[in-house]
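A.B. asks: Listed here are the chains, written in short residue letters.
There are 2 protein chains.
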Amino acid sequence: MDPGELTTFLLAFAVALLGAKLFGELAERIGQPAVLGELAVGVLLGPSLLGLVPLTAGILLVAEIGVLLLLFEVGLETDLEELLRVGAPALVVAVVGMVLPFAGGYLATRAAAFPALTAVFVGAALTATSIGITSRVLSEIGMLDTREGRIILGAAVADDILGLVVLAVVSQLVATGSVGVGTALRAAGLSFLFLLGALVIGLPLGRLLVRFVRGARVRGVLAAVAVAFALLAALGAQEAGSAAIVGAFAAGLVLARTDRRHDLQNALGPTVDVFAPIFFVSIGAQLDVRYLNPFDAANRPALLLALALVATGVLGKFAAGFSAWGKVRRSFIGAGMVPRGEVGLIFAQIGRQNGALPEPAFIAVVLAVFATTFVTPPLLKALKPAAS
Amino acid sequence: MDPGELTTFLLAFAVALLGAKLFGELAERIGQPAVLGELAVGVLLGPSLLGLVPLTAGILLVAEIGVLLLLFEVGLETDLEELLRVGAPALVVAVVGMVLPFAGGYLATRAAAFPALTAVFVGAALTATSIGITSRVLSEIGMLDTREGRIILGAAVADDILGLVVLAVVSQLVATGSVGVGTALRAAGLSFLFLLGALVIGLPLGRLLVRFVRGARVRGVLAAVAVAFALLAALGAQEAGSAAIVGAFAAGLVLARTDRRHDLQNALGPTVDVFAPIFFVSIGAQLDVRYLNPFDAANRPALLLALALVATGVLGKFAAGFSAWGKVRRSFIGAGMVPRGEVGLIFAQIGRQNGALPEPAFIAVVLAVFATTFVTPPLLKALKPAAS
Chain A
23 MDPGELTTFL LAFAVALLGA KLFGELAERI GQPAVLGELA VGVLLGPSLL GLVPLTAGIL
83 LVAEIGVLLL LFEVGLETDL EELLRVGAPA LVVAVVGMVL PFAGGYLATR AAAFPALTAV
143 FVGAALTATS IGITSRVLSE IGMLDTREGR IILGAAVADD ILGLVVLAVV SQLVATGSVG
203 VGTALRAAGL SFLFLLGALV IGLPLGRLLV RFVRGARVRG VLAAVAVAFA LLAALGAQEA
263 GSAAIVGAFA AGLVLARTDR RHDLQNALGP TVDVFAPIFF VSIGAQLDVR YLNPFDAANR
323 PALLLALALV ATGVLGKFAA GFSAWGKVRR SFIGAGMVPR GEVGLIFAQI GRQNGALPEP
383 AFIAVVLAVF ATTFVTPPLL KALKPAAS
Chain B
23 MDPGELTTFL LAFAVALLGA KLFGELAERI GQPAVLGELA VGVLLGPSLL GLVPLTAGIL
83 LVAEIGVLLL LFEVGLETDL EELLRVGAPA LVVAVVGMVL PFAGGYLATR AAAFPALTAV
143 FVGAALTATS IGITSRVLSE IGMLDTREGR IILGAAVADD ILGLVVLAVV SQLVATGSVG
203 VGTALRAAGL SFLFLLGALV IGLPLGRLLV RFVRGARVRG VLAAVAVAFA LLAALGAQEA
263 GSAAIVGAFA AGLVLARTDR RHDLQNALGP TVDVFAPIFF VSIGAQLDVR YLNPFDAANR
323 PALLLALALV ATGVLGKFAA GFSAWGKVRR SFIGAGMVPR GEVGLIFAQI GRQNGALPEP
383 AFIAVVLAVF ATTFVTPPLL KALKPAAS
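Chains as they are written, first to last, in the numbering used here: chain A, 23 to 410; chain B, 23 to 410.
Honestly, the hints are just simulated from the structure, not real lab data.
Do not rely on the hints blindly, as some may be mistaken.
Each pair may be met inside one copy or between any two copies, as identical chains are not told apart.
No more than 25 Å apart at the CA atoms, straight line, and that leaves these computed lysine to any residue pairs for SDA-like [to be verified]:
| # | residue 1 | residue 2 |
| --- | --- | --- |
| 1 | LYS406 | ARG239 |
| 2 | LYS406 | ARG241 |
| 3 | LYS406 | ARG169 |
| 4 | LYS349 | LEU215 |
| 5 | LYS349 | PRO323 |
| 6 | LYS349 | LEU225 |
| 7 | LYS406 | ARG351 |
| 8 | LYS406 | ALA238 |
None of these values were measured; they are calculated from a predicted model.
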C-alpha cells in the first residue's frame, strides 16, 4: 500500500474507532443503545460534514469484516433449536413485513407522480430488514436470547434472503421490462437451500473442525480456524445468491453447538469490538446531510416523498410484528423489523445506477433508510418487555 | 465493495488463514517456529504457484493491519526500561549490522559487473532487519523477555529507522546523482525525535487513556481505544519519516506500563492470531518461484548474484551480533538480525521503479531477502541459549 493511502486509512480507522466509542458511551449515558451513537458519529465524521472518515476501499473493507464478525458472533449467541422453533411465526413476520412496506412504498411513490417502474424499485428498497442493526441492538439490550429476539432474528434472516431475491427480480424488470417468475423462484430456492445445506453439512463439519484443532500446538488455532470457517460460509452464502452476512450468521449458529462456544465468544469478542463499530460508523457516514435541508427548494420533493416512505416503512414493518403469535410482545417484534440499514442503501445505489431511481426518488429512499435505522435503537429500548 | 471483489477477498482471507495454521502446525511438529510454515504456505498459495491468495489491495490491507497489531502486541510484551538499558549495545549492533551487509552487497554487485549506482542500491537493500519476522520468532520461542531478545528488538527498531533514512538517501542519489547530507541527517533526527517524543508524550497519555476508559459503560472500550491509540502512533511514526510498525511498537511499549497490560494482551491476542498470519502469508506469496529455476539460463546471473548476496547478507548481520557486549549469546543476536522480510522487498520494488535495479539485480535482491527471511526461524531456534 502506498504511504498516502496508508496514512488516510490509519487516520480514518483510528478516528472512527475513537468516535464510535465516545459517542457510544454518550448514547448509553442518555439511556440509548451504543449503536445509535456509532451511527450518529458516522454522520458527523463522514464526507458530508467533517470528512475525517472518507468511505475509501480500505474503510469499507474493514466495515465489511466488522459486520461479518458481528453476525458470526450473533450466530454464536443464538440457539439453533430455539430459532427453528420460532420458524413459522418468523417466516410470516418476514413475508408480511415485506408485502406491507412494498405496497406502501409503491403507492406513495405513485402518488408523488413517479413512473410505475420507479415505484416498484422504491417499494422493493423498503422490504429488507438490516440484520446488522437489529441484532446489535438486541444483543446490547440483552434480548437476543428471548422468544421475541429469536423471531426478529429469524424474520430478519428470511427477510435478507427474500430481499435479495426481490432485488434480483426488480433489477431484471428494469433491465428487460419483464419478470421471469422462474428466475425469482430459482433464486429464492437456491438461497434457502444454501441455508439448509449449510446447517446440514455445517453441523458435523463444525464439530470435526473443533475436534481437529484440539490437539494443535500453535497459538490461536481455534480463533483463526473459526474465522476462516465463517469467511467460507459467507462466501458460500454470497455465491448461492444470498448475503455474505447470512453465511457468517449460519457459521456462528453451527459452531454454537460445539463445546468451544464460550471459548470462541471470549476470543472473538474484542475483535468484534474493534471492527464492528467501523461498520456502523460507515453506515452513518453515507448520509449526505445536505439533502436534509428543507430550505433548499430542490430538496423538498425528495423530503416529502421521504416522509411518506418513512411513515409507510415504519408502520408496515411495525404492523408485521402483529402477525406473530404465541406469548410475545408483538410491538417489540415489529420495532425490531424496522431498520433498513445497509441493505436499503444497496438497493438505492443499484436503483440509481440502473436508472430506475431518478435523483429525488434516490434521495428519498436513502433518507427513509436512515430514518428507519436511527429510529430503531430507541424504539426497541422503549418497547423492551420487562424481564420475565 | 462489489460482489466479485468480495468473493476474491473472502476466499483468499479464509484460505490464507487455514493454510497458515495448517503449515504453522506442521512446522512446529518438525521442531520449527510456526512462522516458517506461514511463509512457506504463502509461497505455495501465492500467485506464482497455486494462485489461491492473490496479492489484492484487500489482502495487503489485512496484512498491514496484522503486522501493526503484531508489533503493538510485541510492544505490550516488552519492558521499556529493560529495552533502554540495552540501548547502547543495540545501537552498535544496528550500525555494524548495516555497514557490513552494505559493503558486502556493494562489492558483490560490483564484482558481477553492475554499475556503481546499482551496487549502492543493492547494498542499501540488504541493510534493514525485519522487525516483524524477528519479533514473531522471538515471541514463539520465548526469547522476547531476555537480554538477547531485547538487544535484537532494540537493534531492529534502530535498523528500521536507519534503513528508511538509507532508502531516502539512495533514492535521492538515484534521482539527482548526488547526496544531501543535510537531508539524511534531518530524516534520521526526525525519526529518532519521533520515537523519543512518542515515549515522552505517550507514557502520560497512555495512563490517561486507561484511566479515562475505566468508568466506561459500553462494551470493549479498552481494546478499541488501545487499537486506535496504536493506529495513531503508527500514523505519527510514518509521518515522521519512520515506519508505521515502529509507531505501533512504541504504542505497545507505552501501554505496557499501565495496569491494564494483561487485560490488553488477553483481549488482543486472538485478534493478532487472526490477522498477523495474513502478513506472513503475503510475504511468502510475493516470491515468484520461477526465478528459482537454475535450468533456465536467463535466471543464472541473478541466481549467482543472489548467492553472493545471501552469503554477505547473512554473514554481515551475523557478525554484527558479535559487536554486542555483556553476558549474552552473540551468535543468537547475530541470527536475530538476519531476516530482511518486508523492508528488503520495499527496497527492491522502489529500486526497480526508479531504474536503479536492472531486472537480474532486482531478482537477486528479492531472492536474497527471501533466503535471509526463511533461514532465520530455524537459525534462531538452533542457536537459542539454554534457559538461564
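A.B. asks: Need the list of violated hint numbers for this structure, in ascending order.
C.D. replies: 4, 5 and 6
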